[in-house]
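Read top to bottom, the protein sequences are chains A and B. Heads up: the first sequence is residues 0 to 176, going by numbering that gives the first Met the number 0. Heads up: the second sequence is residues 0 to 427, going by numbering that gives the first Met the number 0.
Hints are computed from structural coordinates only; laboratory data are not their basis. Computed from a predicted structure; not experimentally measured. Keep in mind that a hint or two might mislead.
Taking beta-carbon pairs under 10 Å as the criterion, some of the chain B residues facing chain A (in silico) [stated by the list, open to error]: (1) L107; (2) F111; (3) V118; (4) S122.
The calculated lysine-lysine pairs, modelled on DSBU-like cross-linking and capped at a C-alpha distance of 35 Å, are [claimed, not checked]: (5) K197/B to K80/A; (6) K105/A to K142/B; (7) K197/B to K216/B.
Footprint (simulated), chain B over chain A, 3 or more residues, beta carbon under 8 Å [stated by the list, open to error]: (8) 2-14; (9) 99-113; (10) 138-150.
The C-beta atom is built at its ideal place from N, Cα and C for all residues, glycine as well.
The residues making up each chain are set out below.
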Amino acid sequence: MAGKTLIIGVGNLLLKDEGVGVHVAQELQKKDLPAEVEVYDGGVAGIGLLDFFREASKLVLIDAAEMNLKPGTVVRFTPEKVKDLSGGGKFSTHDVGLLEVLELAKALGHCPEDVVIIGIQPKEISWGTDLSPEVQASIPQVMEMVLKEISSNFIATEVTEATENNKMNKEGETSTP
Amino acid sequence: MKNINVNVDHLTRVEGHGNIVVNVKEGKIEECKWEVVEAPRFFEAFVRGRSYLEIAHITSRICGICSIGHTLCSLQATEAAMGVKISEQTRLLRRILIQGENLQSHVLHSYFLAAPDFVGAPSVFPLVQTHPEVVVRALRMKKLANDLCDVFGGRTVHPITPTVNGFTKLPEIKDIKEIRRRLVAAGPDLEATLALFKTLKIPDFQRETEYISLKSKEEYALYEGVIASTDAGTTPVANYRNWTNEYLVPQSTAKYTKHVRDSYMVGALARFNNNHDQLPARAQKAAEELGLKAPCYNPFMNTVVQVVEVVHALDESIRLIDELLDKGLKEEDRRILLKAGRGVGSVDVPRGILFHDYTYDRNGICVEANCIIPTNQNHANIQKDMEALLPQVLDRPQEEIRLSLEMLVRAYDPCISCSTHLLKVEFV
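Here chain A stands alone, though its shape is the one from the complex (with noise of 0.2 Å):
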């Protein structure tokens, strides 16, 4: 039996494409998600995320990234597959990036099992709300990825159809074998 899904986006909305993980929260809040997912919109949050890592089983983080890609490329990983390099073990609650909270909740036995991050190369972090066109255009990506995660925990594989039309039935959706 499966406990919750999180999904949290983080980022900062006033920084271009540093909020595109609150802008991919805030279109997932349309949708209708099974009963057993939640979705997030973290903000800035930094620390206070701890709160929610711990009342669920399976997170899903999407934030900016930097990883020296082409802007709008994403990327899924998990957090031992990464090098930190934001703050090597230091601790400020911004700089912390979700790395560093994710290693206090790992010390504190409140992160979840599943943890998987969906980070998304920005082009450009400077003041302002829209995001780049890259960016902008690898949103619909970053959806279907993070439903596909859903999906593989519920094994409900028409998440991702049932999602986009809410007409569906939403006992069908989250118990389909």
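Starting from the known structure of chain A, arrange chain B on it as the hints suggest.
Leaving out everything else, chain B in the frame of chain A:
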């Protein structure tokens, strides 16, 4: 005579980025600088052309920690511009929210960002192993504060329900009662917090400066009041520009401020120095136990005042909640008459006094805006403190000097960017 070279790039455990540069040649101080390297913000660009209903939501995104303070300050400015007088109920709910934010922010700073220094740990991580009960307690208190903000603001961060002239959704009475129960139950955590901070050794350093905060006839001011200075009495918030006097310095992309002296301090210590006699009994007692006496000229004590304000935030939220439950909650008419004009709002947020200033046209569209955040008001004072502290610690080993200066900056709980937290990763 010794040479010292301290160069701290991107000071850790500070929100954002700041550098410390110290250069001593043969015992002579050649350089002692607090550099702020964050890009300037373009506050006005975000809000100009936006409707009066959107602006508080936009400004709440400036910071993940002071998002309630920015929201409330923004609403105040808009209401002042439109000549709106809010109801007692709205005022009460907002005063609870600002206490919630003070609790959130101070627990975070005192436990996670400042305390490691006092126990000689590089960060909170080793504390998870050595003092797990401390970390767990801190998180429990943080969660309580988050939930308090959730009940009254609709979200734990970037509040959603506060709006011009009221709230889009009122809190549920059952949720208010439950959070009240938990606030009361937090007593033992509060005692343990006081016991912990009593054991911390605060560096002995004094430098008197001007202290600026809000002041209210009614209470220890956070949500509203007039601007008060330990040097110059009081002035209405609309007069903030004459008291902040923003100016540019070569070493920083942030604007500095000054008033009567070369610099002034804002934040918990400034509030305490201006308003200590308005703290209720339990917070007074906490101050006494922690060795805090007004006037206090030791900037390192800012963290200690934050702990006192944690006590105050808990007690005050309970008191305000009781007042609210007593009066009962009702839906109110939030409609307002749009009119052109300018308004200034000011809230004493966790890090100090904050100002928002908007001008609207007759359709409620913002045509001009200004915002002065607390941290910018502290930069000049941090610089002056560093210049005074360095000669006093010059005979110590370089590492100790570096740590002293870092601790000094962190004591101000500065928020230098309120913005970036981009993941920077390399795949292994």
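Verification of the hints:
| no. | hint | result |
| --- | --- | --- |
| 1 | L107 | 6 Å, holds |
| 2 | F111 | 7 Å, holds |
| 3 | V118 | 14 Å, violated |
| 4 | S122 | 4 Å, holds |
| 5 | K197/B to K80/A | 42 Å, violated |
| 6 | K105/A to K142/B | 17 Å, holds |
| 7 | K197/B to K216/B | 31 Å, holds |
| 8 | 2-14 | holds (count 6) |
| 9 | 99-113 | holds (count 4) |
| 10 | 138-150 | violated (count 0) |
Comparing the model with each earlier hint shows violations of hints 3, 5, 10; every other hint is respected.
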